[in-house]
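Residue numbers (the working numbering), protein chains in the order written: chain G, 1 to 314; chain C, 1 to 267; chain Y, 1 to 505.
One or more hints might be untrue.
[Claimed, not checked] Simulated restraints, written as ranges between beta carbons of each label pair: (1) Y/D254 <-> G/F160: 53 to 61 Å; (2) C/Y164 <-> G/D128: 28 to 36 Å; (3) Y/G374 <-> C/G130: 19 to 27 Å; (4) C/Y164 <-> G/M298: 29 to 37 Å.
Source of the hints: derived by calculation from the structure; they are not laboratory data. Note that beta-carbon positions come from the ideal geometry of N, C-alpha and C, so glycine has one too.
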Amino acid sequence: MRDVIRKLASMILTLLIVSFLVFLAFDLIPGDPAIAKLGTQATPEQVASLRAEWGLDRPFLIRYFDWLFSFVRGDMGYSYHFDRAVTELLSGKILITVTLVIMAFVMIVSVSIPMGIFAARHQGGALDKSIMVSNQLLMAIPPFFSGILITFLFGVGLSFFKPGSFVSYTQNFGGFLFYMIFPALAVAIPKIAMCVKLLRSSILEQWPMDYVRTAYSRGNRTMQVLYRHVLRNAMIPVVTFLGMTLADMVAGSIIIEKVFNIPGIGQILIKCIEYRDYPTVEAVVMLIAFLVVFVNFMVDIIYRILDPRMRQSS
Amino acid sequence: MKKFKPNASLLAGCILVGLMLLMVLWGWIATPYDPNAMDADLKFAGPSLSHLMGCDNFGRDVFSRILQGVGNTFIVSVGTVAIGVVFGILIGGLCGYYGGWLDEALMRCNDVLFAFPSVFLALVVISLIGPGKYQVIVALGIAFIPSFARMVRSEFMKQRNRDYCLSAQLMGASSLRTMFVHILPNALPVILSSVIIGFNNAVIAEAGLSYLGIGVQPPEASLGAMLSDSQSFLYKDPMLCIFPGVVMALMILGFALLAEGLTEKKK
Amino acid sequence: MKLKRFACVLMTLTIALSGLTTGCTSGDKDGKASSSITIGIPQDLDSLDPHKAVAAGTKEILFNIYEGLVKVDSDGNLVPAVASEVSPSEDGSSYTFTLRDGVKFHDGSAVTAEDVKYSLDRCAASDGDSAPLVPAFSNIKSVDVKDAKTVTVNLENPDTEFLANLTTAIIPASNKEPEKNAIGTGPYKYVSWTPLEQVVLKKNEDYWGEKAYITDVTIKIIADGDSIVTALNGGSIDFFARLSADQVSQLSGDFTVYEGTMNLVQALYLNNAEKPFDDVRVRQALCYATDVKAILDMTSDGKGTPIGSSMFPAFGKYYTDLSNTYPKDIEKAKALLKEAGYEDGFTFTITVPSNYQPHIDTALVLKEQYKEIGVTAEIQKVEWATWLSDVYTGRQFTSTVIGVDASTLTAPALLSRFVSDAGNNFINYNNADYDAAYARAIKTTDDAEKTAAYKECEKILADTAANVYIQDMAEFVALNKKYTGYTFYPLYVQDLAKIKPADAK
């Protein structure tokens, strides 16, 4: 219990540092939000008055703590570029990205774990070899290239879906889910390949270990050894990988959202960095950071459950 | 453990990586045409004997640009992974081996770095140090450290309680020696496989940055920049997209096979 | 494909049927079965508040929702809109407007003189604690309500071209949240806006003028330039403006392509205060080394209008063709460089915003062309925000490729920035003759004299090679063949009310 509290405290500390660094970064990089908003027709007076309106003329630390206190109270501020509250702006977009990530994640887990186990059990067989070869090929295709290929093949060639015809879940939930299958596939394919490979090698690494021999000598059958003992250990790197993949997919949604023209938080992040809309950028980065930290926390806990030695050592 | 008879992966990997290195060298020494020379008459020219892969929207020779692009992508990804691996092993190794407050402190820094979306991190770094090939390496390299560090740390944590490790310590091996002479080689297979993933990610990340306009500066070519540029001409000339895409995929494949072959051989 | 044809047949049927039932009585194009169109835009709106929106891409959509006292027609003339009559005073120091009868806001209320005063005062920031939303309005002394139908705008300094600024939207004084609820008087009503997704408009049935043809308009935001062609060909959008020649060449046969110009001055803008461009000979050398035709051939299949000064053809009487001031002449360019002491050439940086591919393409071609005179150009892509703050506002640059557009169709919109002390003179142009000529143009009320003075300004810019002028870029508009009636404007405007279904008469 104490351990969990300590972990939580360090999570909060991490998030605090992240939020400070984002603020600092925006202070250092070139580009001014007021100038970016007003564009080429702006007069210096207009810029100055907008900066005053947004409170950008105050010292850095005051701005940061002001933002922090509002944030803690649940007020994420006002989006400069989109001219509305950040909470209002993001609430509609988070679900889009989350749907994409969850769909891809489900694909990854449901395909790669059985396939990885299968490949390991039939190691060296013809099927294993063909799985491994196709794996290598699929791993080598970057998601946005596979995105382009999927658009071209399923969209333009076979007309399974209309490229670029994203519909919001508020208008047509079924259509929304259907459209999301294709980008999710593009994200999932290389990750599936990596995961299969990792699980396979991880299982094979466990086979020669002493405890496997012991388990066999106790009269367990192969399946029992595999599911009760080997998999437990073999899953450790896989869990790390899956956790990282989950966080990675949220942060990496930027590119696939661009390829498929999906208005998720990745697109918002890029737009808002471009326009130096940092209340929004702060909110999105905090969101992603929270997710990453949280996933790490969960991975840590799962580790402890999977690996008894870790439980003792800490 | 059964052994693959002749190590097919290693062989295939060597051939692909060898080919790639050859292309890199070729690109450095001389390309068939000036990769930046434009010719309005050759706009979107298809593959021919004089232009093996045809010409792009400026009438530039695609093959020459691919040679240059492979070189740039190679430098960027190798540099990125190198930074990531070296710092990752240092940080992850120390954390995993010693644990305690050092682990706590370093992993906190690592978490902070990890929690940043890598694109955001790269964007900020590039904004600070300016755009360009070498700046991209630094930006991506920093973004790559955390995932390597985590991987190495968990591997070191797993290894440090194993018997061989304890016996090495009993025999009076120093901590550093234990870490780098005993643990590291045992952790290598896992590190190597994450290097493959890292290399893959580096190539993709470089392409992603090019996509966002902050990668290698034009007119210099990189596979990622070529791929994202050619996307605008997908209907007109899909080959413009296919060539760099396939070369990129082969490049990643080559490294993956090589690394796998090496791991197999070790066992 | 089959489905689409079926839908088409169905549509024709319903239209024919409704024609049968109502045809005899009404006989006009209104009152037919509802119709819809989905159009694509490259950038999201930056605000619904017409006075606070600044992006050209936003203003061209808001054009359909809001109107000013006057508005621009497709020839670039100012025509009365919310006002039915304008009477400027002799010297241009005041403008009196008579409001049009029967103009209603989208919420049903009638436009009053108070609403007009409210809107103009709001933009002039007459409460005094912030900068005016429309910079030109700092010249407004007062807005007086004469009676329920008459409003007079008094100026501090007489300005005969002030009317062009009064296209500023008239909004109801009662609407306290114009950024959330767009209420105007235009041919389309605002329905909804989902950021980064879409904006929905509906036909204003009570519009005072010629009503729109299409009932429902969905405006989709297609942020990624590469997916525009896919979205058009795939059928998820019916219309997209400002396509490049390369994009147009990839469209399927379902589209009518309209060709126009972008109405902007694309040039390699040179920082006249920075070495080596502080020397007129170096600037001229670059001009002589530039082959505009080759740029057009390379980047837009030869489409586009070469220009030689900061003025484009849509300006009509103010425009003179100066594009032949510097015909390509490598020897002359080299000689000029030698004279200026750069016999072995030099290296300079072209900064381009990374979100405008046409400008990047132009910069790439320029780089190749300057190799011929031994000059090395290095291209540096920067983010738009960085470009705005460092290049445009901070003037920390050597050269940049960009297109400068005009906010109104008055010569000062393009020429005022080159006056030595102008706040937006980002190239640091400094020429006493120019300042004098420009001052003359502003002062005079005689149209012929004014035109002559503006033309002199243009000539000075060309002769001193203020910038390497390139072109007014070609603009292509794709409209699905199911529709027709697209009309170009000389300003940044998309008039959706003029688009109609192809099978309507």
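The hints, checked one at a time:
Checking the proposed 53 to 61 Å range against Y/D254 and G/F160 shows it is violated: the Cβ atoms sit about 20 Å from each other. Checking the proposed 28 to 36 Å range against C/Y164 and G/D128 shows it holds: the Cβ atoms sit about 30 Å from each other. Checking the proposed 19 to 27 Å range against Y/G374 and C/G130 shows it holds: the Cβ atoms sit about 26 Å from each other. With their beta carbons about 31 Å apart, C/Y164 and G/M298 fall inside the hinted range of 29 to 37 Å.
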